[in-house]
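Engineer: Spelled out, the chains give:
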Amino acid sequence: MISSTIGAAAPRSRRPAGTRRRGAPRGAARWALSAPLLIFLALFAVIPTGYGVWVALTDQTVLSTDVRFVGLENFAAVLADKAFWSSLWFTAWYTVLTTAITLATGLGVALLVNRRFPGKRALFTIVLLPIMIAPALMGLMFRLALNGDTGVIPAVLRSLGMQVSLFDPHAVAALLVVLEVVQWTPFTFLIIYSGLQALPAELYEAAALDGASRWQAFVDVTLPLLRPVLFAAGFLRGVDALRTFDVIYVLTGGGPGTVTTTLSIYVYKQAFVSGSFGLAAAAAVLVMIIIVPLVPLLISRVVVQPGDAA
Amino acid sequence: MMRKRRIAAAALAMGTVAALLAGCASGGSGSSGGVTTVNMVLWPGPEGDAMQKVVDAWNADQGVKDKVKVKMVLLSRDDTFSRETTEISARSSSEDIYFVASYNVNYYQAGLDPIDDVGITDSDYFTPVVEGLKIGGKQYALPLDVSNHFLYYRKDLIDRLLSDDAQRAAYRQVSQKVLGEARDPKDPADWDVDDYLAMAAYFSKSANPGSPTTYGTALQLKTSVFNITLWDDLLWGLGGGWTTKSGKADLTSPQAKKAMDVYRTIYENKWTSPDAAQAEYAETNSALESGDVAFAMQWSSAYSELTDPTKAPKVAHTIAVAPEPGDPHSTHVHALAVALNKYSKNKDAAKTWLKYLATPEAMTAYAKAGGIPSMPKVLADNVDVNAAFTPIADQVGKYGYTPPLFTGTFDAMTQLTEALNPGWVGISPVDEVLGDANTKLQSQLDKRK
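Which chain is which? The protein sequence lines are A and B, in order. Using the numbering used here, the first residue of the first sequence is number 46, and each one after it goes up by one. Using the numbering used here, the first residue of the second sequence is number 241, and each one after it goes up by one.
For the record, the hints were derived by calculation from the structure and aren't laboratory data. Among these hints, one or two may not hold up.
[Stated by the list, open to error] Cross-link-like lysine-lysine pairs, in silico, DSS-like; alpha carbons within 25 Å at most:
#1 B/Lys-497 x A/Lys-127
#2 A/Lys-127 x B/Lys-488
#3 A/Lys-127 x B/Lys-687
The whole structure should be built from the sequences, with the hints applied where relevant.
Structural biologist: Here it is as structure tokens:
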């Protein structure tokens, strides 16, 4: 408080010359040290985003010889497109559902594995396998495994007397959720398991001394302490689910109709099938506008402030 | 001191950026030692494999004399056109020759140069193929492979049906139920759309418990752009089309409604697998190979796999092909082709190579390497190489059609598939999806330049 008062009372112009000379190099050093990050941000975030916004304001297509500024026309066209809204709702539904389920399954598996038992390492490796496979490849594998004529899964179901069409138009969205959960549960498991490992054993001993049951220890000790970890896992999973493209594109192409079209698929089709870069960029900017306000809220739940742990 | 540091930091930053950009730059095409290297994009798979052999032979012989070396650039089969879209829009010169097709050459026109001077002789090619690559009377691409559809069927099952009185009687009963008229079974070469529908029912256990197969046919209903072309065969086979004679969208016609009804009836009655909702080329091959399906409309390129005893041991010996059902029989035809990049820096060398590709000799070498050239005479002369050449040469010439070709053809194909698909699989009313499709098609037609 005192130092800030002194600082406020002393105008910069009245500082001794020596002080200014020492401060300037420190400022330069800050810039120099920050330069790699700033260059990285400029090259891979600011410039592409700025360019994307500019393209969204033009009529640029693959055929354009002259690009014309069209103002907000592309935004109006995207907002009037039923397919955009349908892809937005499907993406939101898919993101919320798959994130919630993968968090729950990841937590469940982590709690099961968080104890000593023979073969734990082997089980760990097997559980983690799905996240080591590229999503597009995973889509192809699912497509083969679920093929009604030659796939393993329909054959097993038939041998059990179950005649189920896994690609039924009314069930395919649910199937996509299941496949996403199968692939990404290991990811949430890994993060949550790391969190569980870091929980202090003394708290559980204290809870036991107080007569807490296992369930009470889980609800009153584990869950509160895991909250930042769960938010971090949920945040990462949500971001990933939000931009899902590969598996769905390979399996359903966004159909039947546009029922399983995600925003990524919508933008991809606008850009590379229709060749309408302006519309695609406008859709992408709209998605950014919808998502960006949510990010600080989520970040504030993920970042642990000093004193939070107390 | 401070100024020097700033300059040094700026120089370092600029150096870093320059190094990064240099790392991003691609190379390959250009001249070196008097030899010009031409980069040609193709997609991997049978076409890429076949062309690689032609390229290797050229680079070892004629290319040395002409001082033109060709380098193949194989992109992903799914994303070749996306990559090319990006390169063309960026006016890139890194590739000299692009891979295109009848349905998108108009779309890419802004990034292509006409190639009327490379010696393409129209009469060497199937007419719809070579004409489909012209824009405003100018040739924009050189045809390589021709692609069309066949009706693949189990000859053993059909022969038994045609010769067995009890089965003929059963078929008459099924057709009475399905069509409202008792029909006699016909040879697949004579099927119209109603025969196709009745046969799908007859060979399905859900309509005929005595059927030797579970499903009559295998539809390709996934929201995948090429699946519209198979439905189009029925539409054209009923005398319909995408547009009226005056060029207006015509997807609410009685023919379009009937083609929709046929697909929907087959799907809803389980005369195709319920999984057909997500099926395309590979799934249809699997269905036919499993022996559990009696017939299916499928691409001509499947012929070699379906008649290969090592790949399709259950059915290879008995698979036969007929024209697509309809009156008139109609098969979608498109060409895969190569085109000259407008922004290429090696146009003369690229044209030297294209001139060679336009010769029957080059296409004969391509056929022998596994391609399906668009030259009927080359196909006829090389039937020993691929038995599919005979029906391709026969059917493309007699029954081939192309959908209206304009800038937005590929986009229209995508939008029509998305619009019609919910009607095919029974989740939206037929009239609604046809109306939606018609509006989208008209919108694309209105954008024509």
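Engineer: The structure should be examined with respect to each hint, and the outcome stated for every one.
Structural biologist: Verification of the hints:
no.: 1; hint: B/Lys-497 x A/Lys-127; verdict: 24 Å, holds
no.: 2; hint: A/Lys-127 x B/Lys-488; verdict: 24 Å, holds
no.: 3; hint: A/Lys-127 x B/Lys-687; verdict: 20 Å, holds
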